[in-house]
Amino acid sequence: MTAAGPVKCVVWDIDNTLLTGTYLESGDEPPGADPVLAAALAELGERGILHALASKNPPEAAAHTARVTGWRFAAAECGWGRKSDALARIAATLGIAVDALAFVDDDPYERAEVAAALPGVLVLSPEDAAEAAGWPEFSPPVITEEARRRGEMYAQRQRRQEAGRAFGGTREEFLASARTQVTIAAATAADVPRLAELAARTRQFNSAAGRDVAAEAGAAGRPDEGMTQHWFEGLLSARDCDVVTVRLQDAFGDDGMVGGCVITRDAETWTVPLLMMSCRAMGRGVIDALLAWLARHAARAGASRLRVPCETDGRNVPLRLALAAAGFRVPGRLPAVYERDLGAPLPALPGWVTAPGEAGPAAVTDGLRAFLASVTGRDELLHLPPGTALFGEAVGLDSLTGTLLLREIQRRFGVDVAGEDLNLDSLATLGTLAAFVAQRAGPGARP
Amino acid sequence: MTTVPPGRTVPSGDLVDVWWFDTREVTVGPPGLADLDRGERDRAEAFLFPADRHRYQVAHLMLRRVLAGYTGTAPRGLRLCRERCPHCGAPGKPVLPPGAGTVPSFSLTHSGDMVAIAVAGRPVGVDVERDADRCVCSLAQALHPADAAWVAGLGEPGRHEAIISCWVRAEAVLKCTGQGIGHGLGGFPVGPGAAAGPGVHGCTVRQLPAPEGYRAAVALAGARRPVPRAPAAAPGVGRR
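Residue numbers (our numbering), protein chains in the order written: chain P, 2 to 448; chain C, -1 to 238.
Since the hints were derived computationally from the structure, they do not count as laboratory data. Fair warning: there could be bad hints in the mix.
From the structure, some residues in chain C lie toward chain P, with a derived Cβ separation under 8 angstroms [to be verified]: (1) L106; (2) S109; (3) C133; (4) Q139; (5) E169.
Label pairs and their in silico Cβ distance ranges [claimed, not checked]: (6) R412(P) to D131(C): 13 to 23 angstroms; (7) P137(P) to C86(C): 55 to 65 angstroms; (8) D12(C) to E146(P): 48 to 58 angstroms; (9) W136(P) to D12(C): 51 to 61 angstroms; (10) R412(P) to P143(C): 17 to 27 angstroms.
The beta carbon of each residue, even a glycine, is placed where N, CA and C say it ideally should be.
Based on the sequences and whatever the hints tell you, model everything.
Here's what the structure looks like:
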């Protein structure tokens, strides 16, 4: 009973598992945490693995367990129903596949019930779980900043979902009101660990299932190497090949890099051998923005056709739906290649997307406004006139905010304003700053 | 508003008075505005948004009232001038011109809704910033390498707090020396160890108790740690 892929979330029983006794039978003094399993919680959490609770107890037991273990659980299901149902609800809440769960329970009946109902779940006894840190299912090949912050991001996700449910307008209006910012950029060496992690972890939005992508796209790769860090590093220096990253943030938090793709360029036809996105970014306009930008970018370069090979797989339905919605079709039967004709009217890109080739001064201006509004929490900054003296007497930016803005410009556009404009003339107004950034980040200036 | 609040003596030795104002609690009317000088009124007019203008007016009005209490000069009679930046000579830190008696040194800072004014007998600098409600790790590159290395070893969100703490200490030091922040604030370390001992850029800097959600630091010229005197009551005029 082993899971095929890496475990993203461990669902823990409470009584006689995380606690050293039974919560309801302990009277005034509920039992404390099992020290061995509490240490395993912390060790796995450091690697970006989430923790959740499934217990036949009242909800207070979950709060008590969180207190004594010192852990903030990403989800908790307390009730007297079947544990397999609880696991399915936890997977839905967290937006991950059931097969990415592990389940730890001291009760052999509960383990058998979950194993029978959900064969993809890795089912463990507490004794097994104590040693799980050494198992490959719990050992992601790379641990990135995004991984360390994963628990925090799921908490932001819950706040975002609550706000979304309370919001009256359309999804697009909600994304704009949440100050969503999608940033598409050429990958750098620093992005490689996270790219390899996305390649290993994503399933629902990953075009690689059933294919040897490294062999298709990697003149630089070794045979059978797979999509390793080494392979991505090779692609960065390969000719006629681009590696692209997608970052996402909004008023609820910064999700960091949530997606990426590899592009191989031919004069007439551009191919995307790898397209991937974290399911955490689902429903937030990211995959639509990436597909729209790919079509616009390829068309601008003179290509007439955009291809995305993507085999049919039980897990990648969301990606195939997104491809269909973006105007891609499969002309033949096998192998499955989604194609889009670039002669047709090109898709529009929302104003909150920043991407290479889209960075006209107006788009940069919008991006800087959105960042300032997000940093300061002041929506009126979304409407700053281009003539505004940012560092002067108009908006009273303090030095810390000004420094954050310049760092963000460096991160997002690859332009070091203070280093490249020694007289700092570009800082005169919002408009001069945007024009300087757009000129330095424009076509030919690869970040 | 021409009345002068009851006199306060200028803090001596290592004592510093720190005055806090919440700009949401202060209303500014025509009498208050009349206390500002022409430069301050022009500057207030230049703000695009009412909230920025209000914060500026409150900060400068309260600065005049606080200084009036130490000097015995009416708020509108105070003349403020600018010292030159010791690094480049450009007009920089606002000061009171030398005069009879002990002329207080002061420093003004604001962030979010809060304004802080520090007053001492020798050059003083104060800085306040809002706590980070987002990732501010990119600011670590602006800090001294020793401080950047220290914060890099911390986990989040403690790292964000440490970055803001270093930032307010460094900015307080620069405001004390009068060197413009445009020259960078990473020229000297202010992290643990550095800030505890004497002599950060000729100053001694310490963390200051700040309202919830804010971080602040005060720096005093010389080798002795600044000691905040008992909290000063705000000159309670024009309050809602």
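Failing hints, ascending? When the structure is compared with the hints, numbers 1, 8 turn out to be violated.
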